[in-house]
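Take a look at the letters that make up each chain.
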Amino acid sequence: MASPSSFQSQIYRSLPEIERAEAIVDRISTAISLGLLKVGERLPAEAALSEMFGVGGATLREALTELRDRGIVETRRGRSGGSFVVKQPQTQADAMRSWFLSTSISEIRDIGDEHAAIAAATIRLACERAEAHDFERLQELARSLVLAHSPEHRASADSRFHVELAVAAQSPRLANAEIRLQQETVQQLWTPLAVAFDPETATAEHLELVRAVAQDQPEKAQELVLGHIRRNIFHLIDTKLTVGYALSNQDAQ
Amino acid sequence: MKLDNEVVHAAHALALWTSDVLAEINHLAGHVAELVEKNLAGRPKVDESSLLGLEALSREFLAKNSFAVGAGTFFAAQSVEAEGHIFEWWSHGKSGSSSIEKLDADLTPGSHRYYDYEKLPFFSTAASTGEQTLWGPYIDYLGFDEYIITLTAPFSIHGTFAGVAGCDILVKDLEPLIMPHLRAIPGNAAMVNASNRVIMGNSGTYLVGERIKPGYPEDQQRIDLDVPHLGLSLVYSA
Numbered sequence: 001m002a003s004p005s006s007f008q009s010q011i012y013r014s015l016p017e018i019e020r021a022e023a024i025v026d027r028i029s030t031a032i033s034l035g036l037l038k039v040g041e042r043l044p045a046e047a048a049l050s051e052m053f054g055v056g057g058a059t060l061r062e063a064l065t066e067l068r069d070r071g072i073v074e075t076r077r078g079r080s081g082g083s084f085v086v087k088q089p090q091t092q093a094d095a096m097r098s099w100f101l102s103t104s105i106s107e108i109r110d111i112g113d114e115h116a117a118i119a120a121a122t123i124r125l126a127c128e129r130a131e132a133h134d135f136e137r138l139q140e141l142a143r144s145l146v147l148a149h150s151p152e153h154r155a156s157a158d159s160r161f162h163v164e165l166a167v168a169a170q171s172p173r174l175a176n177a178e179i180r181l182q183q184e185t186v187q188q189l190w191t192p193l194a195v196a197f198d199p200e201t202a203t204a205e206h207l208e209l210v211r212a213v214a215q216d217q218p219e220k221a222q223e224l225v226l227g228h229i230r231r232n233i234f235h236l237i238d239t240k241l242t243v244g245y246a247l248s249n250q251d252a253q
Numbered sequence: 001m002k003l004d005n006e007v008v009h010a011a012h013a014l015a016l017w018t019s020d021v022l023a024e025i026n027h028l029a030g031h032v033a034e035l036v037e038k039n040l041a042g043r044p045k046v047d048e049s050s051l052l053g054l055e056a057l058s059r060e061f062l063a064k065n066s067f068a069v070g071a072g073t074f075f076a077a078q079s080v081e082a083e084g085h086i087f088e089w090w091s092h093g094k095s096g097s098s099s100i101e102k103l104d105a106d107l108t109p110g111s112h113r114y115y116d117y118e119k120l121p122f123f124s125t126a127a128s129t130g131e132q133t134l135w136g137p138y139i140d141y142l143g144f145d146e147y148i149i150t151l152t153a154p155f156s157i158h159g160t161f162a163g164v165a166g167c168d169i170l171v172k173d174l175e176p177l178i179m180p181h182l183r184a185i186p187g188n189a190a191m192v193n194a195s196n197r198v199i200m201g202n203s204g205t206y207l208v209g210e211r212i213k214p215g216y217p218e219d220q221q222r223i224d225l226d227v228p229h230l231g232l233s234l235v236y237s238a
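Quick mapping for you: the protein sequence lines, in order, are chains A and B. FYI, the numbering for the first sequence is 1 to 253, going by the numbering used here. FYI, the numbering for the second sequence is 1 to 238, going by the numbering used here.
By construction, these hints were calculated from the structure, which means they are not laboratory data. One thing to keep in mind: the hints can contain errors.
[To be verified] Listing some non-contacts, in silico: residues in chain A with all C-beta distances to chain B over 12 Å:
#1 G57
#2 G81
#3 R97
#4 L207
[To be verified] Not the full set, but computed from the structure, chain B residues with beta-carbon under 7 Å of chain A:
#5 P121
#6 I139
#7 Y147
#8 R211
#9 H229
[As the list claims (entries may be wrong)] Distance condition first, Cα-Cα at most 30 Å in a straight line; then the derived DSBU-like pairs of lysine-lysine:
#10 B:K102 with A:K87
#11 A:K38 with B:K119
#12 B:K213 with B:K172
#13 B:K213 with B:K102
Predicted, not measured: the structure shown is a model, and the values here were computed from it. Idealized CB from N, CA, C, for every residue including glycine.
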């Protein structure tokens, strides 16, 4: 039998038990940074969490211990007890830096490829399916990006705009795909590591997208959204080059 | 004119089904108003203590009306103490569990997860028209996070609009309830909402969530469903 293709090995890859606690820590930290979970909020009960994550109690407790050690959650005893979000994770600059160091340009391009496919289909459907109520909402969300005062808030505003575009397209699956893709890259985009990303340009592009959707111009909307994503990916690649290869540049000089 | 007879028959059945749901919702809204007014005991504004018993009303509604996935009340900020936002909405848990849970959403204005329910049409339309309304299909992002329709009726306390009560129905649960009526029509047909969006169609010509394009197909015809204020119609073509 031929050895499995890389796609097959992706499907059947083993589930590393040790990394699962870490994955839970990452998932929850990212959700807090994106504003999906907020400070003061109570996490579901331990039994529910381990069921939802599909991990054993020990793995879950390991993850919660790590989150407590980082000061991100606090566990309180008693009747109204549970695990509560108590602070935003660190600015994430270090986490972002290590993401750029460990992610290759080919992988960044590939994220862009997938995002382009999802976004193109989403915006075409949004043109067909969105209505006046959606246009107003999207406009408001587009503007909230330029009004945001910190990289974290810009990341939240940016991702919410794109997710709600998929909501206006009436597709729960595309919305889920968009949420996943946003979680993967939106913080990398807005964390100022090398060249800061300009919120005014991004907002202008978002507003143009809303206009194209409102005027039901799928060709134009698709072209705009592909350009928008290409620009995002170029920014990530620029950052990768600056963060990852600055040292070798110096060596060469 | 055999086609037309079948269309008229289906339109009648769909209107009847919807009216039955609305009767339940108007009933719920009436009970909510009565209960909150009693809890207020003369005080002007709703606060946490005015909500006693609302959970039981939602649970009764869900027990009686198995088509609904969630039911409850959204209060208008103007009727709430310190212009706050309060909602009491109870839903069947996700992933098919039979437990009923209180819906939780971020009500902090300006937060990036803010669930601004007063701007959502199931609230705003009922508030501005003072009549029952239907919104959807839509993805209730940051609320119930499912693909649903929501039916609501407004209610008043001390003669002033105070909020809406109603229920959510999962689009996938709606399908077996509506489809038999649509399937009885020989051609392509769809139940369509007030903003011209397909709630349910009997073929690929009219797919749920899509908007009806006027004049496509060319022989497209439409009759209004006899349900006050919802703006529902039945669109059909050969």
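Hints and how they fare:
1. Consistency note on G57 of chain A: stated as away from chain B, and its beta-carbon is indeed over 12 Å from all of that chain's, at 19 Å minimum.
2. Every C-beta of chain B lies more than 12 Å from that of G81 of chain A, the closest at about 17 Å, which supports listing it as non-interface.
3. Distance check for R97 of chain A against chain B: the nearest CB is about 24 Å away, which clears 12 Å, and the non-interface claim stands.
4. With a minimum CB-CB distance of about 18 Å to chain B, L207 of chain A clears the 12 Å threshold, and the non-interface call stands.
5. Residue-level restraint check for P121 of chain B holds (minimum Cβ-Cβ distance to chain A is 6 Å; threshold 7 Å).
6. The beta carbon of I139 of chain B is positioned within 7 Å of a beta carbon in chain A (closest approach about 5 Å), and the interface hint is therefore held.
7. Among the interface hints, the one on Y147 of chain B holds; its C-beta lies about 5 Å from the nearest C-beta in chain A, closer than the 7 Å criterion.
8. Interface restraint check: R211 of chain B against chain A, minimum CB-CB distance 6 Å, threshold 7 Å, status holds.
9. Hint on H229 of chain B is violated. Least Cβ distance to chain A is approximately 17 Å, over the 7 Å limit.
10. Simply put, K102 of chain B and K87 of chain A have alpha-carbon atoms about 25 Å apart, close enough for the 30 Å limit, and the pair holds.
11. Pair hint K38 of chain A plus K119 of chain B holds up; C-alpha atoms about 22 Å apart against a cutoff of 30 Å.
12. At most 30 Å may separate the alpha-carbon atoms for a hinted pair to count; K213 of chain B and K172 of chain B meet this at roughly 24 Å.
13. Distance restraint check for K213 of chain B and K102 of chain B: the Cα-Cα separation of roughly 39 Å exceeds the 30 Å cut-off, and the hinted pair is therefore not satisfied.
Checked against the numbered hints above, the structure breaks hints 9 and 13 and satisfies the rest.
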